[in-house]
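K.L.:
Construct the entire structure; sequences and hints are all you get.
In case you want the letters, here they are:
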Amino acid sequence: KAGVTQTPRYLIKTRGQQVTLSCSPISGHRSVSWYQQTPGQGLQFLFEYFSETQRNKGNFPGRFSGRQFSNSRSEMNVSTLELGDSALYLCASKDSASNEQFFGPGTRLTVL
Amino acid sequence: KQEVTQIPAALSVPEGENLVLNCSFTDSAIYNLQWFRQDPGKGLTSLLLIQSSQREQTSGRLNASLDKSSGRSTLYIAASQPGDSATYLCAVKDFNKFYFGSGTKLNVKP
Chain A
-16 KAGVTQTPRY LIKTRGQQVT LSCSPISGHR SVSWYQQTPG QGLQFLFEYF SETQRNKGNF
44 PGRFSGRQFS NSRSEMNVST LELGDSALYL CASKDSASNE QFFGPGTRLT VL
Chain B
6 KQEVTQIPAA LSVPEGENLV LNCSFTDSAI YNLQWFRQDP GKGLTSLLLI QSSQREQTSG
66 RLNASLDKSS GRSTLYIAAS QPGDSATYLC AVKDFNKFYF GSGTKLNVKP
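Chains as they are written, first to last, in the numbering used here: chain A, -16 to 95; chain B, 6 to 115.
Calculated from the structure, these hints are not laboratory results. In this text the structure is predicted, and so the values were computed from the model without any measurement. We put the beta carbon where it would ideally sit given N, CA and C, even for glycine. Mixed in with the good hints there might be a few duds.
Stated by the list, open to error - With a straight-line Cα cutoff of 25 Å, these simulated DMTMM-like cross-link-like pairs (lysine to aspartate or glutamate) come out:
#1 B:K102 with A:E58
#2 B:K73 with A:D78
#3 B:K102 with A:D78
#4 B:K110 with A:D68
#5 B:K73 with A:E83
#6 A:K40 with B:E61
#7 B:K6 with A:E65
#8 B:K47 with A:E65
#9 B:K47 with A:D78
#10 B:K102 with A:E83
#11 B:K102 with A:D68
#12 B:K73 with A:E58
#13 B:K110 with A:E83
#14 A:K40 with B:D32
#15 B:K47 with A:D68
#16 A:K40 with B:E8
Unchecked claim - Quick list of simulated restraints, FRET-style, between CB atoms:
#17 B:K114 with A:I(-5): 33 to 39 Å
#18 B:D99 with A:R91: 28 to 34 Å
#19 B:G65 with A:R38: 30 to 36 Å
#20 A:R(-2) with B:A15: 30 to 36 Å
#21 A:L66 with B:G65: 39 to 45 Å
#22 B:R77 with A:S79: 23 to 29 Å
Unchecked claim - In silico contact screen, one side only, chain B against chain A (beta carbon under 10 Å); selected entries:
#23 A34
#24 Y36
#25 Q39
#26 L49
#27 K98
#28 K102
#29 G108
#30 N112
P.N.:
Given below as structure tokens:
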């Protein structure tokens, strides 16, 4: 079974731009969560989608948004990028039976 | 609000040593606890998942225990190897979300 995939793996953007990250969960998993990881703040929960609906949301500004498609693939969008948005963005899919999370390799976003 | 703490933040041991990593959480109303390993710049790899009704789980040289009443979990690594060098994170799940600790950075010296 293929694991969680994320694209692109690396991104460089400038302040003010917007960016879209993509995540494909493990086949059969309907829950996708997004996290931001920085050296200073650690892993912070952004949001969770289940069957195309946002189920939970972390404490991030409205510039961070997401969506999930009928095939469970998810996208995360960050608008008006700030230097502080530079981070590793991780996507995780969850097995609904066990609640075990499986993470993708991440997208490294650098904002200049 | 759930808070997860991992001690120590960093640990350096010689190869072959047995070691214990600690994870504590403030709210015992959890569904499960999961241990992960993260290599630099990479995603998280799931190591062990303990459901709230379980006391421990084992996989190879790894053993994780859970004591919900005291809000603690330990990850025991037997006969450590240089390849075990990584950051180890624990995460607890309540009804809604996963909460992560800040991790223990392990260095196993040859």
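K.L.:
Hints first: check each against the structure and report whether it holds.
P.N.:
Hints and how they fare:
The hinted pair formed by K102 of chain B and E58 of chain A meets the criterion: a straight-line CA distance of about 19 Å does not exceed 25 Å. In summary, the hint linking K73 of chain B to D78 of chain A is supported, as the alpha carbons are separated by about 22 Å, within the 25 Å threshold. At most 25 Å may separate the alpha-carbon atoms for a hinted pair to count; K102 of chain B and D78 of chain A meet this at roughly 14 Å. A threshold of 25 Å between alpha carbons decides the hint, and for K110 of chain B with D68 of chain A the separation of about 24 Å falls inside it, so the pair holds.
Taken as a hint, the K73 of chain B and E83 of chain A pair is honoured in the structure, with Cα atoms around 18 Å apart against an allowance of 25 Å. The hinted pair formed by K40 of chain A and E61 of chain B fails the criterion: a straight-line CA distance of about 30 Å is larger than 25 Å. Between K6 of chain B and E65 of chain A the alpha-carbon distance is near 28 Å, which puts this suggested pair outside the 25 Å criterion. The suggested pairing of K47 of chain B with E65 of chain A holds, with an alpha-carbon distance near 23 Å, which does not exceed 25 Å.
Distance hint between K47 of chain B and D78 of chain A is fulfilled; the C-alpha atoms sit about 21 Å from each other, no more than 25 Å. Taken as a hint, the K102 of chain B and E83 of chain A pair is honoured in the structure, with Cα atoms around 12 Å apart against an allowance of 25 Å. Proposed proximity of K102 of chain B and D68 of chain A is supported: the alpha carbons are some 22 Å apart, at most 25 Å. A threshold of 25 Å between alpha carbons decides the hint, and for K73 of chain B with E58 of chain A the separation of about 35 Å lies outside it, so the pair is violated.
The straight-line distance between the Cα atoms of K110 of chain B and E83 of chain A is roughly 23 Å, inside the 25 Å bound, and the hint therefore holds. Between the alpha carbons of K40 of chain A and D32 of chain B the distance comes to roughly 20 Å, so the proposed pair stays at or under 25 Å and holds. The straight-line distance between the Cα atoms of K47 of chain B and D68 of chain A is roughly 18 Å, inside the 25 Å bound, and the hint therefore holds. With a C-alpha separation of about 17 Å, the suggested pairing of K40 of chain A with E8 of chain B holds against the 25 Å cut-off.
For K114 of chain B and I(-5) of chain A, the hinted distance range of 33 to 39 Å is satisfied, since their beta carbons lie about 36 Å from each other. Under the hint 28 to 34 Å, the C-beta atoms of D99 of chain B and R91 of chain A, about 29 Å apart, fit the expected range. A C-beta distance of roughly 34 Å is found between G65 of chain B and R38 of chain A, which places it inside the suggested range of 30 to 36 Å. Range check, R(-2) of chain A to A15 of chain B: Cβ separation about 33 Å, and the 30 to 36 Å hint holds.
In this structure, L66 of chain A and G65 of chain B meet the distance hint of 39 to 45 Å, their C-beta atoms being roughly 42 Å apart. The supplied range of 23 to 29 Å is met by R77 of chain B and S79 of chain A, whose beta-carbon atoms lie about 27 Å from each other. Hint on A34 of chain B is violated. Least Cβ distance to chain A is approximately 14 Å, over the 10 Å limit. With a cut of 10 Å, the hint placing Y36 of chain B at the interface with chain A holds, because the nearest CB-to-CB distance is about 6 Å.
Because the beta carbon of Q39 of chain B sits about 6 Å from the nearest beta carbon in chain A, less than 10 Å, this interface hint is met. Using the Cβ-Cβ criterion of 10 Å, the hint placing L49 of chain B at the interface with chain A is satisfied: the shortest such distance is roughly 4 Å. About 6 Å separates the beta-carbon of K98 of chain B from the nearest beta-carbon of chain A, less than 10 Å, and the hint is met. At a threshold of 10 Å, the smallest CB-CB gap from K102 of chain B to chain A is about 5 Å, leaving the interface hint in force.
The closest approach between the C-beta of G108 of chain B and any C-beta of chain A is roughly 7 Å, which is under the 10 Å cut-off, so the hint is satisfied. Taking 10 Å as the C-beta cut-off, the interface hint given for N112 of chain B is violated, the closest approach to chain A being about 17 Å.
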